[in-house]
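*Asks:* Chain residues, written in single-letter form:
There are 2 protein chains.
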Amino acid sequence: MNAFNVSEHMQTLGLQAKAAAFLMARADAATKNRALKALARRLREAGPALAVANQKDLERATAAGLSAPMVDRLKLTPKVLETVAEGCEQLAGMADVIGEIIGMKQQPSGIRVGQMRVPIGVFGMIYESRPNVTIEAASLAIKSGNAAILRGGSEAIDSNKALALLVSEALAEAGLPVDAVQLVQTTDREAVGQLIAMPEFVDVIIPRGGKGLIERISRDAKVPVIKHLDGNCHVYVDDTAEFDMALRIVDNAKTQKYSPCNAAEGLLVAASVADHFLPEIAAIFAAKGVEMRCDPAAAAILRASEAHHPQAKVIDAVESDWSEEYLAAVISIKVVAGLDEAIAHINRYSSHHTDAIVTRDHINAQRFLREVDSASVMVNASTRFADGFEYGLGAEIGISTDKFHARGPVGIEGLTSLKYVVLGQGEVRG
Amino acid sequence: MNAFNVSEHMQTLGLQAKAAAFLMARADAATKNRALKALARRLREAGPALAVANQKDLERATAAGLSAPMVDRLKLTPKVLETVAEGCEQLAGMADVIGEIIGMKQQPSGIRVGQMRVPIGVFGMIYESRPNVTIEAASLAIKSGNAAILRGGSEAIDSNKALALLVSEALAEAGLPVDAVQLVQTTDREAVGQLIAMPEFVDVIIPRGGKGLIERISRDAKVPVIKHLDGNCHVYVDDTAEFDMALRIVDNAKTQKYSPCNAAEGLLVAASVADHFLPEIAAIFAAKGVEMRCDPAAAAILRASEAHHPQAKVIDAVESDWSEEYLAAVISIKVVAGLDEAIAHINRYSSHHTDAIVTRDHINAQRFLREVDSASVMVNASTRFADGFEYGLGAEIGISTDKFHARGPVGIEGLTSLKYVVLGQGEVRG
Numbered sequence: 001m002n003a004f005n006v007s008e009h010m011q012t013l014g015l016q017a018k019a020a021a022f023l024m025a026r027a028d029a030a031t032k033n034r035a036l037k038a039l040a041r042r043l044r045e046a047g048p049a050l051a052v053a054n055q056k057d058l059e060r061a062t063a064a065g066l067s068a069p070m071v072d073r074l075k076l077t078p079k080v081l082e083t084v085a086e087g088c089e090q091l092a093g094m095a096d097v098i099g100e101i102i103g104m105k106q107q108p109s110g111i112r113v114g115q116m117r118v119p120i121g122v123f124g125m126i127y128e129s130r131p132n133v134t135i136e137a138a139s140l141a142i143k144s145g146n147a148a149i150l151r152g153g154s155e156a157i158d159s160n161k162a163l164a165l166l167v168s169e170a171l172a173e174a175g176l177p178v179d180a181v182q183l184v185q186t187t188d189r190e191a192v193g194q195l196i197a198m199p200e201f202v203d204v205i206i207p208r209g210g211k212g213l214i215e216r217i218s219r220d221a222k223v224p225v226i227k228h229l230d231g232n233c234h235v236y237v238d239d240t241a242e243f244d245m246a247l248r249i250v251d252n253a254k255t256q257k258y259s260p261c262n263a264a265e266g267l268l269v270a271a272s273v274a275d276h277f278l279p280e281i282a283a284i285f286a287a288k289g290v291e292m293r294c295d296p297a298a299a300a301i302l303r304a305s306e307a308h309h310p311q312a313k314v315i316d317a318v319e320s321d322w323s324e325e326y327l328a329a330v331i332s333i334k335v336v337a338g339l340d341e342a343i344a345h346i347n348r349y350s351s352h353h354t355d356a357i358v359t360r361d362h363i364n365a366q367r368f369l370r371e372v373d374s375a376s377v378m379v380n381a382s383t384r385f386a387d388g389f390e391y392g393l394g395a396e397i398g399i400s401t402d403k404f405h406a407r408g409p410v411g412i413e414g415l416t417s418l419k420y421v422v423l424g425q426g427e428v429r430g
Numbered sequence: 001m002n003a004f005n006v007s008e009h010m011q012t013l014g015l016q017a018k019a020a021a022f023l024m025a026r027a028d029a030a031t032k033n034r035a036l037k038a039l040a041r042r043l044r045e046a047g048p049a050l051a052v053a054n055q056k057d058l059e060r061a062t063a064a065g066l067s068a069p070m071v072d073r074l075k076l077t078p079k080v081l082e083t084v085a086e087g088c089e090q091l092a093g094m095a096d097v098i099g100e101i102i103g104m105k106q107q108p109s110g111i112r113v114g115q116m117r118v119p120i121g122v123f124g125m126i127y128e129s130r131p132n133v134t135i136e137a138a139s140l141a142i143k144s145g146n147a148a149i150l151r152g153g154s155e156a157i158d159s160n161k162a163l164a165l166l167v168s169e170a171l172a173e174a175g176l177p178v179d180a181v182q183l184v185q186t187t188d189r190e191a192v193g194q195l196i197a198m199p200e201f202v203d204v205i206i207p208r209g210g211k212g213l214i215e216r217i218s219r220d221a222k223v224p225v226i227k228h229l230d231g232n233c234h235v236y237v238d239d240t241a242e243f244d245m246a247l248r249i250v251d252n253a254k255t256q257k258y259s260p261c262n263a264a265e266g267l268l269v270a271a272s273v274a275d276h277f278l279p280e281i282a283a284i285f286a287a288k289g290v291e292m293r294c295d296p297a298a299a300a301i302l303r304a305s306e307a308h309h310p311q312a313k314v315i316d317a318v319e320s321d322w323s324e325e326y327l328a329a330v331i332s333i334k335v336v337a338g339l340d341e342a343i344a345h346i347n348r349y350s351s352h353h354t355d356a357i358v359t360r361d362h363i364n365a366q367r368f369l370r371e372v373d374s375a376s377v378m379v380n381a382s383t384r385f386a387d388g389f390e391y392g393l394g395a396e397i398g399i400s401t402d403k404f405h406a407r408g409p410v411g412i413e414g415l416t417s418l419k420y421v422v423l424g425q426g427e428v429r430g
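Protein chains in written order, with the UniProt record's numbering: chain A, 1 to 430; chain B, 1 to 430.
FYI, nobody ran anything at the bench for these hints, they're computed from the structure.
A few of these clues could be false.
Identical copies go unnamed one by one, so any copy, or any two together, can satisfy a pair.
Stated by the list, open to error - Here are the simulated DMTMM-like pairs of lysine to aspartate or glutamate, each with C-alpha atoms no more than 25 Å apart in a straight line:
#1 K75 <-> E324
#2 K56 <-> D373
#3 K257 <-> E413
#4 K75 <-> D239
#5 K313 <-> E128
#6 K56 <-> E100
#7 K222 <-> E190
#8 K161 <-> D188
#9 K18 <-> D230
#10 K222 <-> E59
#11 K18 <-> E280
#12 K79 <-> D188
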């Protein structure tokens, strides 16, 4: 009986989303921006009501014995609300990509052929804990002219319902269909299984959360998934790298923050500069408590080096270290003969997320860019730049480690597709 | 025992394709073009050897009682071979899209960010009967810098093996890996199931064949599929359509050829012009033996009309007519109040392949382009133009009725993806 209801609920959401998507695709930029600004305003006004809903989630989480960091993630603080409100306003200020026509060219037959950017239709977003994702997803749907079905974490259900209500009100205020953004109203896990298997209603699924969730969704989905799995990123210090630049980039890529997927997990150093470079970077890592998992050559240099600080943690790497995404104060280090070995190592062990070379050599830089098979390839810059905002995309719906449709940081264009537009003057096919 | 071998064979093909893909991605344009020209030459030289192989397929097909048209499709005539040889040469003459960098822009941090076009990796092509598809697929793989695993129809296995041998020789002659194009060596159906479920080796599947095949593959595939299902295309004759232009376009869209997916299957006519337009187009259709499945309004006009030729086949449409892809001398006809009803009808019944409006009205033309949710939307041109060559794509790997990755006619770019390229001068994240 319960299962039947979930199925019915999801079918209803799907049908309603499909109908709303058609109206959203026709909505003009001014209307969509009006809805975004209304949403920002309502988020600021609704503080007390949201606090009541949020409190329910927090109490339930505490009673269930969730860890303090997990409870923290659920909190809709005034700061969190202001951040998402500003996000809505920023989106409202961005140029609208819908209706853009590219590449219009006349063909030998006389017809002119180009492509028009249109919304993809309906996307499903599946996420865990943080309720602010509800607003991020809703605002992306509005700006991109899509409809969205949102499935948040069960632990945030009361906060999400309160936020979804604000979204409906903002849509209605702007004259847009309230079904353009719908929240799944049940915490039954069956709803996720349904959402990812309704190709007749849902065009793409965007999961946000732990690797387990994303793997499960990718495996079972009957529609495309824009997904991001591992971030095992590398910096390769080439023979001709500028010494100070290499230190700065490697340090930043590893230590500026340990948790992001674009932080470096592996350091490769050309043999010709390893003797000089490794002790210097090891001193920096030692001072910051970064553990170094080294291949024999790197370990030998570091253990022999005078600069080998007593507090440096030099450990012999094992095979699994080359594949690991530490997301912690740990880095794998390997001495390579040169560019060829660096590229081979990266293409074998990298998660194809982001990899960088530090070099002055133009030919090596070009080869690295062409031959490293990763979503982002960089010359003389920190891997930490790999994100939608740093790339100027304005908003980020996720980072894709796939090659199909979207690769790397995905902006609003990832929620659109291009249809062909043909302008004729009565041409027929001969 | 047999199943185990198929599985082993497919795994071997997958591993070899993956290794070859890496080398193909690095190959320069001149090398790839040399392979294409070598393939063209070998196709012309190998006539007698190919005839022997082809004869085996033809004899087997005749013995198995295949229909004459089915046997015909298997034939590798000198004309067929010359056509595919010329196709290879044309591809060799086209500009190379691999390595192209687009949108390079400096960001506030100082880094410059753009996107580089790279091969997608390995594609699997699954096709029926016609052995010339082996060469088309092989040449697309070579030009796009991908590796391919080809699974042809069992009835063409001997021809396909002989053609695949020529491809290997051409690859070797140019110094490219022979595993860049591999033919599945067994006719066991199990091989298809394996090919579409090896995401670790295969990046995308392109099926060519009947709807049943494509539906089965789409349902079971564990990797993306570039597919094309129905082509239920429409022409809408608007109030302000130029009369002669409308007649010419509707006639061409329906009757220039009945079998292509971009032929029109439905005609919508604005009520204000139906009395004049329908009898004239009916006279053309009557002369060509095109059956007309009409809604009550259209049927009334045609039956009352003086121009109603005795040989005109006016039939009352039933609900299923609006969705049907006839691929035959049949068209559905409906009188609509105007643009709104036309768009609503198309968005409900069209297969979202190609739909056209004939109009002089600029606002209606713009609305039709924006609001009709089809892969190709046209103003004042025949739906028959919807193909890769007419759109100037140079080559066509297929037509996609999906919205993800590629929509509409898909050229070589459909076998590529864009990776981010970041050029810095030592920038780090603050």
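*Asks:* Against this structure, judge whether each hint is valid.
*Replies:* Now for the hints, and whether the structure bears them out:
no.: 1; hint: K75 <-> E324; in the structure: neither (31 Å within a copy, 54 Å between copies)
no.: 2; hint: K56 <-> D373; in the structure: neither (47 Å within a copy, 43 Å between copies)
no.: 3; hint: K257 <-> E413; in the structure: neither (28 Å within a copy, 37 Å between copies)
no.: 4; hint: K75 <-> D239; in the structure: neither (49 Å within a copy, 58 Å between copies)
no.: 5; hint: K313 <-> E128; in the structure: neither (35 Å within a copy, 61 Å between copies)
no.: 6; hint: K56 <-> E100; in the structure: neither (44 Å within a copy, 54 Å between copies)
no.: 7; hint: K222 <-> E190; in the structure: both (15 Å within a copy, 22 Å between copies)
no.: 8; hint: K161 <-> D188; in the structure: within (15 Å within a copy, 53 Å between copies)
no.: 9; hint: K18 <-> D230; in the structure: between (33 Å within a copy, 20 Å between copies)
no.: 10; hint: K222 <-> E59; in the structure: neither (36 Å within a copy, 42 Å between copies)
no.: 11; hint: K18 <-> E280; in the structure: neither (58 Å within a copy, 39 Å between copies)
no.: 12; hint: K79 <-> D188; in the structure: neither (31 Å within a copy, 62 Å between copies)
The structure does not agree with the numbered hints 1, 2, 3, 4, 5, 6, 10, 11 and 12 stated previously, though it agrees with the rest.
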